[in-house]
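Mind docking chains F, Y and Z on chain X? Use the hints.
Number of protein chains: 4
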Amino acid sequence: MSRNIKFIQGNEVCVEAALYAGLDFFAGYPITPSTEIAEHLAQRLPQIGGRFIQMEDEIASICAIIGASLTGHKVMTATSGPGFSLMQEALGYAVMTEIPCVIVNVQRGGPSTGLPTQVSQGDVMQARWGTHGDHAIVALTASTHQDVFDVTVDAFNIAETYRTPVILLFDEVVGHMRERVEIPEPGELELVQRLRTSVKGGVDYHPYLPREDGRLPMSDFGALHRYNVTGLYHDMWGFPTDNPKIVQGLLRHLIDKINNHVNQITRYKELYIEDADCVLISYGSAARSARHTVINRRARGEKLGLLELQSLWPFPEDLVREKCARAKHIVVVEMNMGQIARRVKMAVDTPDKVFLANRIDGSFISEPDIKQVLRIIRGKGV
Amino acid sequence: MSRNIKFIQGNEVCVEAALYAGLDFFAGYPITPSTEIAEHLAQRLPQIGGRFIQMEDEIASICAIIGASLTGHKVMTATSGPGFSLMQEALGYAVMTEIPCVIVNVQRGGPSTGLPTQVSQGDVMQARWGTHGDHAIVALTASTHQDVFDVTVDAFNIAETYRTPVILLFDEVVGHMRERVEIPEPGELELVQRLRTSVKGGVDYHPYLPREDGRLPMSDFGALHRYNVTGLYHDMWGFPTDNPKIVQGLLRHLIDKINNHVNQITRYKELYIEDADCVLISYGSAARSARHTVINRRARGEKLGLLELQSLWPFPEDLVREKCARAKHIVVVEMNMGQIARRVKMAVDTPDKVFLANRIDGSFISEPDIKQVLRIIRGKGV
Amino acid sequence: MSRNIKFIQGNEVCVEAALYAGLDFFAGYPITPSTEIAEHLAQRLPQIGGRFIQMEDEIASICAIIGASLTGHKVMTATSGPGFSLMQEALGYAVMTEIPCVIVNVQRGGPSTGLPTQVSQGDVMQARWGTHGDHAIVALTASTHQDVFDVTVDAFNIAETYRTPVILLFDEVVGHMRERVEIPEPGELELVQRLRTSVKGGVDYHPYLPREDGRLPMSDFGALHRYNVTGLYHDMWGFPTDNPKIVQGLLRHLIDKINNHVNQITRYKELYIEDADCVLISYGSAARSARHTVINRRARGEKLGLLELQSLWPFPEDLVREKCARAKHIVVVEMNMGQIARRVKMAVDTPDKVFLANRIDGSFISEPDIKQVLRIIRGKGV
Amino acid sequence: MSRNIKFIQGNEVCVEAALYAGLDFFAGYPITPSTEIAEHLAQRLPQIGGRFIQMEDEIASICAIIGASLTGHKVMTATSGPGFSLMQEALGYAVMTEIPCVIVNVQRGGPSTGLPTQVSQGDVMQARWGTHGDHAIVALTASTHQDVFDVTVDAFNIAETYRTPVILLFDEVVGHMRERVEIPEPGELELVQRLRTSVKGGVDYHPYLPREDGRLPMSDFGALHRYNVTGLYHDMWGFPTDNPKIVQGLLRHLIDKINNHVNQITRYKELYIEDADCVLISYGSAARSARHTVINRRARGEKLGLLELQSLWPFPEDLVREKCARAKHIVVVEMNMGQIARRVKMAVDTPDKVFLANRIDGSFISEPDIKQVLRIIRGKGV
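Residue numbers (numbering that gives the first Met the number 0), protein chains in the order written: chain X, 0 to 381; chain F, 0 to 381; chain Y, 0 to 381; chain Z, 0 to 381.
Pulled out of the complex, with its shape left as it was, chain X reads as follows (with noise of 0.2 Å):
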């Protein structure tokens, strides 16, 4: 049997995977290092009936996305730091709109226009907080072609199901980087689609009432139903409301909605944990070199071990704890100033035992960094 097997950029994995989820319509604006993934859409998705829309800027961006999802559309846009920025007030509107949608932002090294090509993962505490208020958020990273592939469905699955933006954190490296990577054939990776209400015309949908199991029917807009959609606290008909008891449960509602699910969202993988005296905590392209590093050590007798991570927030805190109980020494591998590395921390027993192995300069993180920092906190110096 022939499979599917191509050489491509991640940010062109990204598109394939999409469309395999049912991706049909794409608005952005491109900036490097994502640019890719709307060259590729804007020949890809006319091909399949899609629409594909390059838009004035970022914020038009997301707002296309937004109201075609809400038409029933499977939506994404793609963007780097800066345009992500942009993004944050729409993005926070499709939190509390409950609107499916996937954002993906290829890091470049920030803040400000930074470094357009150049490798970083600095955006991965805004990808959590970068909109005002409190809510949750789901963002999925990946190291190698393959699992770009599967997160990116992933993304669309979790965003259909649990009514939410889901950001796929890439960066530089796994975008630009060509590996191979197998398409799976249609029907080997599960996909959630829409869930729509039952709901018949003329009768009352309440477009913001639960089900038990706390998923959200929607109806498209402009079909069967009319209803209220709005970025204020709302009540069960999406009028807006500010009783207390109201904002506070929908505020719940929105958080507990994703972070009661952490163990259904998390995607991790690990290597030679179970006895592992340290850990090493990556992602993303950095995950690369810490995969390396551990399989080099092994092979000298080194008990080092990797969890790599590929669901970013929610935080998989338990999964952390858990994973690094018995571990001396953990090290979390970043291309950032310790983002991850201070959740780390918030997560084990013992944070005296994390430690950050990380680079900041645009330069992609290598074994030997990682190593320096192994002997060090062995006490075996530089």
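No wet-lab data here; the hints were simulated from the structure. One or more of the hints may lead you astray.
Repeated chains share a single entry, so a pair holds when one copy, or any two copies, can fit it.
[Claimed, not checked] 25 Å max Cα-Cα, derived SDA-like pairs, lysine to any residue:
1. K370 - R251
2. K379 - L69
3. K199 - P209
4. K268 - E55
5. K370 - I245
6. K256 - R377
7. K199 - K327
Source: prediction; values computed, not measured.
For chains F, Y and Z alone, kept in the frame of chain X given last:
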């Protein structure tokens, strides 16, 4: 001697303090609950020869003040959550280009348009992490009108001292409440003036070469020197570079100039901390209820103390650890899902003794809410 | 084989179990929410040749069963808070004279007439300390109808084994709720019969001389032997004495015969205790909500465990300490101001980790009440 | 100036103090060792126009004084253990209906009729928990006749201030011993008079609506206003309710009005506490031996101190913790199985350093008993 005493809203106090500090340029777009700041400045600025511009939106507003600051003015804008989200990209630009400016966020309930007229403290983490990329930031807050005056003056001083945007994170209760405030006489509070370069025209001016003390003399843009200002990583002349050493040096400079001065930037008040079994940590309007609780429970013999934070970022980690060292319980009182509580957990030696007394329904947190949590953490139930 | 399955109220289960255990004399005065016990026994006892007497009040009721027990019958009375208060003097008499009897208190809201038809667990400490003077007591409870059956049989067995009043501390929810119960076949549960003296008539019988195993054989009053029964301190013949040595010996005997058999008397159930980070301790109907919470939160990955106490007095101190040894939090779930929570604090090594999840308003405590406390003690606020 | 000095029994001191405090109604039933209180009042009350009634039993006695108090009188009854057990139901009624009254329990050995003429302090826990349901209570005690006078006056003052039954927990030694006492002049001790409502007839009087300071003005029953008095949970008009909010509010009011004033209610004496390595805690007649021991051992250079509690309930937890903070050993001296010792363990930071020096045989505890315990806990053996 007659004193200048007023009974005004917190938003108006902020205006008076900004003018006292030397504000002469304001650009903004009205949004509840910050609107009174713009309203009052629209009247007051022209009276003193300053400029007030109502812009078409919040992006334009922050861009206008950044530009005005670069030409030598003391500048401010004011907004609330949704507008603050829109400002995130340009805020990062001000961070990267090191342009002094003050951004007021009078917080209301979020996410999205949320609860325009109700109180919240939900934007604390966004203030820290709203823009993309690693960076440091200064955010101040206050619980009384006298403190609003003082921290507003401080905000301008810090912005000039460290060439950084400073966020004034007020909230709806502080902004709209009327309270007695005594306007200091001119000269009573120290003011930091713009540090201008002494480099003469026609001579090499290095706009991004810090002095030995870390401060960076400015030259009014459009005046004596021509130089480049960019959001890209840049060298001492302000020109773009991706040289890893310069990139790392600039990022560390941007972060260290703030975080290494945490002691100079930190503002706080304390009450009965010395012998407190239970330390309440609070800020903004929530601290009013915390203070009330401490005073009332002390009268009943309970050893409560209060640490009121007036600077949230950079987070005064050492201060919090020290003040909480002998406390059996630490209760963070805030109107969000525990944004500062999580930060306190990271600061103290025993995270398990940190609890959260919060409200997230748009209602002002009050003494009974705090007492309820105190009862439960003392094992006393309802 | 067909089983005897019923769908009845807890009060009726108590009746069936008492009859199963050999009850043949009941005296009582009706009071909500215990009345159904008297009602059903008024029908059932005559059917089996037993005696049912409705007395003029609760004092007469307990005095009648004490007398009947002394003549050789298995006896019970049933009441609620106010009636239980009235029984305190005679209860002490039964303690001092070591007369087996079972007293059911189907708790309602107190103090005073309180809340006749609402649930409470407010009489736990009264059960221990309601009568004057140092003494020990046995009090059992249950959360399901099958357990009501079992502990009721146990109560009769313990009363006979240790010659002591045994209190069945049920509550309104358990008493009035209908639930499936399977009545065991005769012989399925072990029954303890009255230990009668083998001393012949005309020979010296020492009614208050314990055997080597501490048990005290009885002689049906009015039958073979004449002897003295008094509430005063007494010697082995039952005659009053104030000899300090005998006084101290008798008081220690009364206490030790119960407290030294705490392991034999203790009944409990546990769920997921082994690896629980947080142990809920509960009893009576409250344990239903605690169990529900544990099961639901386990499904979400939270390491909750349940220790359900079915004997409250003598308090199973060692059991509680052992089961809670590795828990980070212990939450006592009960419907009072923390009567058992205080006792748990005394039992465990770290009283500070004991919290109270309670309701005191006559409403049944439910999962959301418990979850709220769990949130707060984990520092997560509302 | 001649002083009014007497050499009388403690029971008679109690009578004189009650009259001094304004007692004008007593109902009782004689029981050793409290009988002298009734005897003396039978003579003294008619002399001052008060009423003395001998009732048919203790239930009638407490009900009579509750009714008389409601009509505006200062009232008292006196009993010992068995009678106190009989009073438990009506005591709860007085708690619930907030009717000021004083109940004297001159303790003898229990349980049951126990040791009528011998000393004990076995009713301490019953005083706290004898009636059913959660509630708070005030119980005072004394070791010298001068203190008996003072705490008796206090009892009436507290009863009126907080509208609560107050228990005077004396013991056989204090009651029967003769000792010098100086009766204060009128006006020398402050007296609290009944707080009567100022609401006029025909106007809405809310008998159960506390003032802002928590006090509840009364209206003499049968006089100006008609209102309902019930042992059921009731609203501000005194009418029954099972509204959960009102139920919880009332229960918390009943408990908080006492427990929140623990500092005002607490009475104690101390001796050499400041530098004590070993603190004796005692109360009632046992404190006489404890004081004797401290004075004698201090003369030999042993750093003993005494904390004599004169109020047992609400338990002065903070006081005990504070006074014991620097002690290496804490020895509770009492004549029971450690009822207050257990409470002290809960109050202090290190329960392991709390020991019990007691007697339970009807004999008065003396210095040699205490010295023996001191030797053992210092590792010196018997």
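Hint check:
no. : hint        : in the structure
1   : K370 - R251 : between (43 Å within a copy, 13 Å between copies)
2   : K379 - L69  : neither (57 Å within a copy, 33 Å between copies)
3   : K199 - P209 : within (17 Å within a copy, 55 Å between copies)
4   : K268 - E55  : neither (39 Å within a copy, 48 Å between copies)
5   : K370 - I245 : between (52 Å within a copy, 19 Å between copies)
6   : K256 - R377 : between (42 Å within a copy, 19 Å between copies)
7   : K199 - K327 : neither (59 Å within a copy, 51 Å between copies)
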